[in-house]
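Engineer: If you want the building blocks of each chain, they are given just below.
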Amino acid sequence: MFTLRNFSGFISDTLRLVTKGGRLYYAWVGFLLLLIAIGAGAYIGQLNNGLIVTKMRDQVSWGFYIGNFTFLVGVAAAAIMLVIPAYVYDWEPIKEITILGEMLAISALIMCLGFVMVDIGRPDRFWHIIPLVGRLNWPQSMLAWDVIVLNLYLLLNWFVVTYLLFCAYTERHYVKKLVLPLVLLSIPMAVSIHTVTAYLYNGLAARPFWNSAILAPRFLASAFCSGPAILLILLQVLRKTTKLSIKDEAIFKIAELMAYTMGFNLFLTAAEAFKELYSGTEHMVYFQYLLFGLKGHTTLVPYAWASILCGLAAFILFLVPRTRTNWVTLNIGCVLIYASVYIEKGMGLIIPGLTPDVLGEIYVYRPSLTEIAVAAGIFATGFLVFTLMLKAAVPMMLGEFTITKGRSPKQAPPQQA
Amino acid sequence: MTDQKTPCPSGGCEASSSAGGSRRKFLGAATAAMAAALTGCGTISKEEFLQHNFKELSKDEVLSVIDRLEKEYKAKYGKEVKVANTPPIPGVIFGYALDLSRCIGCRRCVYACVKENNQSRDPQIQWIRVLQMDKEEGVNLQHADQYYNPEEVPEEGHFYMPVQCQQCKKPPCTKVCPVGATWREKDGIVVVDYNWCIGCRYCMAACPYGARHFNWGEPNLPADEVNPKTHYLGNRPRPKGVVEKCTFCIQRTRNGRYPACVEICPTGSRKFGNLLDKDSEIRYILENKRVFKFKEDLNTQPNFFYFYGV
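If you read the sequences in order, they're chains Y and U.
Per this note's numbering, residue 203 is the first one in the first sequence, and the count goes up by one each step.
Per this note's numbering, residue 6 is the first one in the second sequence, and the count goes up by one each step.
There may be inaccurate statements among the hints.
[Stated by the list, open to error] Straight-line Cα separation of at most 30 angstroms, BS3-like style, residue types lysine-lysine; simulated pairs:
hint, chain 1, residue 1, chain 2, residue 2
1, U, Lys294, Y, Lys257
2, U, Lys300, Y, Lys257
3, U, Lys120, Y, Lys257
4, Y, Lys257, U, Lys180
5, U, Lys300, Y, Lys477
[As the list claims (entries may be wrong)] Some but not every residue of chain U turned toward chain Y, in silico, with C-beta under 10 angstroms:
hint, residue
6, His148
7, Asp150
8, Lys180
9, Asn200
10, Arg206
11, Tyr207
Since the hints were derived computationally from the structure, they do not count as laboratory data.
Where is the CB? At the ideal position from N, CA and C, for every residue including glycine.
This is chain Y alone, in the form it adopts within the complex (with noise of 0.2 angstroms):
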């Protein structure tokens, strides 16, 4: 009974701490719901109208949607990349962050859901793929084994974040024969979203862009470079906003695992690009048509290269231990390697995909203002997600807001035993 009352008062606190704050940050909500509010408007044309106000069409049936799916998929999956060094090597200075990774982690999930939500032709029948209520598909399709993971995913981070914050929030500390088994199964949950993601691609032989065995460490490896690109910059921001303090060694050795991951990520793409380019089989149009373009058409080549070139500059700056740990050079390296993981995992692999089409035919994708805007109101639904999250939290960690502490003086507390 205390526990549940104690946990209504959690969530009447919590939506107090996230509804008042200073000027920046009513600005920064303000600016979000803006976003949101267009994104909704452009949304509600596509349900009247139908998907003809994208720029889909049959030969290149999945876009901006889909490609901005794909690469959240391994931004969420990259709260891993705390939990590891700070779970299983035990690396104290990671622990008290990694429910940051966790909270990026539903940030991203809420994206990845959303933009499969507006990529579908009948939102009205989504029904049908919830289980037993409706008909999934499972095992068969990898669109339903996606589904099951990452609803999994989301609701397994969002128990340990919810639980974590409630017990700083009620002065307690955690039980840790609960917490640890749920963090460390995160680690194959995260391996698994995007495993399964990258499958729902390669498990077709209709395009040969996809059906390759090394997708799937494509998708696992350039996903632990691009996540923790947002994690060292918001921590940074983080320890300059708020009192948390978060040690420099904690963010050089993030960095330093992202080097690895980095030059894997390097080295697999080029397995893939040696592979295709060298036996040149007639496979070898879709890398043409990214990296060289095909038959006139190269809206893809400059993006294309950019993002080689960004991953190998971001690479460079983070296996030299100076430039590392320089915050400034270390900064350009996140956006860096952000950027070129989000123009390889999003659209360099969804339209080359897709073009040219299985009939040979290569239609030209670009998205439409419909689809940017829509795409601009989810990303600034999981932004504003993340930064109430964030607004609550904070306090709570610090134990700067608890049971006891920092509530206005005008609420008592709730009435202990």
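Chain Y is already provided as a structure; the job is to place chain U on it using the hints.
Structural biologist: Leaving out everything else, chain U in the frame of chain Y:
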């Protein structure tokens, strides 16, 4: 591309639900309201929203669904549209053979198919795509052109290869569907339940033949051009946001008729029949002509064959 809202058919959105299983009740009216919000305008009825996968419907439920659809089509097109539910004929697996040495690329099959199968005229959907190939290159998709438009066909130095659903024995498209909205029937025809498809387009990514087409916008089918003889799993008018495909004219072939494309072909390039019938023309072709399967290396095992008749 139209954005005109059709009025709610058969008594409007508040029409009460017909009898159904416990799962339907579980969903309830609240979800129907949500559906109305999601489709933007509330043009779908509660029965349509709550309708279950075709394969799970009882005989009575199928009949009530068909009754509802016929009323909807009548309201929309102002004429009687029959929706059949003819099952596969026992002992029949349909096979198709296309003579590449005879096809002249006239595209009469394409338009006969559009007419017969009630495809959307705008946005234009065509289940048959005719590829113009270079004779020097052979069957090479990197040298294929679907948009050839000369005064006269066939053009010098070219041959023509129409592509439609290959009705695979191992269809990669049905395997990937997350909700089981598409499957292979006993007579080998791969079908879609347009009332169960969620429009994720995974099947389109999986199909190696470009045989699946999506209703990107509201399909536009002029009332005077509607073919009123339809089948639930075939040529009945489709809603926006779902995938459709060739069904070997299921509404014809299950009643002993040829598909529209076979009937119209002026050169006799298209052959159709029962693969299980030893005396059929299709069996003769398979046994006596030089036959190949398109993209055989993918092991989709089509029941659609290409051959060189002369």
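Engineer: If a hint holds in the structure, say so; if it does not, say that too.
Structural biologist: Structure-based check of each hint:
1. Lys294(U) / Lys257(Y): 43 angstroms, violated
2. Lys300(U) / Lys257(Y): Judged against 30 angstroms, a Cα distance of about 28 angstroms means the pair holds.
3. Lys120(U) / Lys257(Y): 27 angstroms, holds
4. Lys257(Y) / Lys180(U): Distance ~27 angstroms between Lys257(Y) and Lys180(U) Cα, so the pair holds.
5. Lys300(U) / Lys477(Y): 22 angstroms, holds
6. His148: 8 angstroms, holds
7. Asp150: 9 angstroms, holds
8. Lys180: Where the cut-off is 10 angstroms and the nearest Cβ of chain Y is about 5 angstroms from Lys180(U), the hint holds.
9. Asn200: Since the shortest Cβ distance to chain Y is 9 angstroms, the answer is holds.
10. Arg206: 5 angstroms, holds
11. Tyr207: 5 angstroms, holds
Of the numbered hints listed earlier, the single one contradicted by the structure is hint 1.
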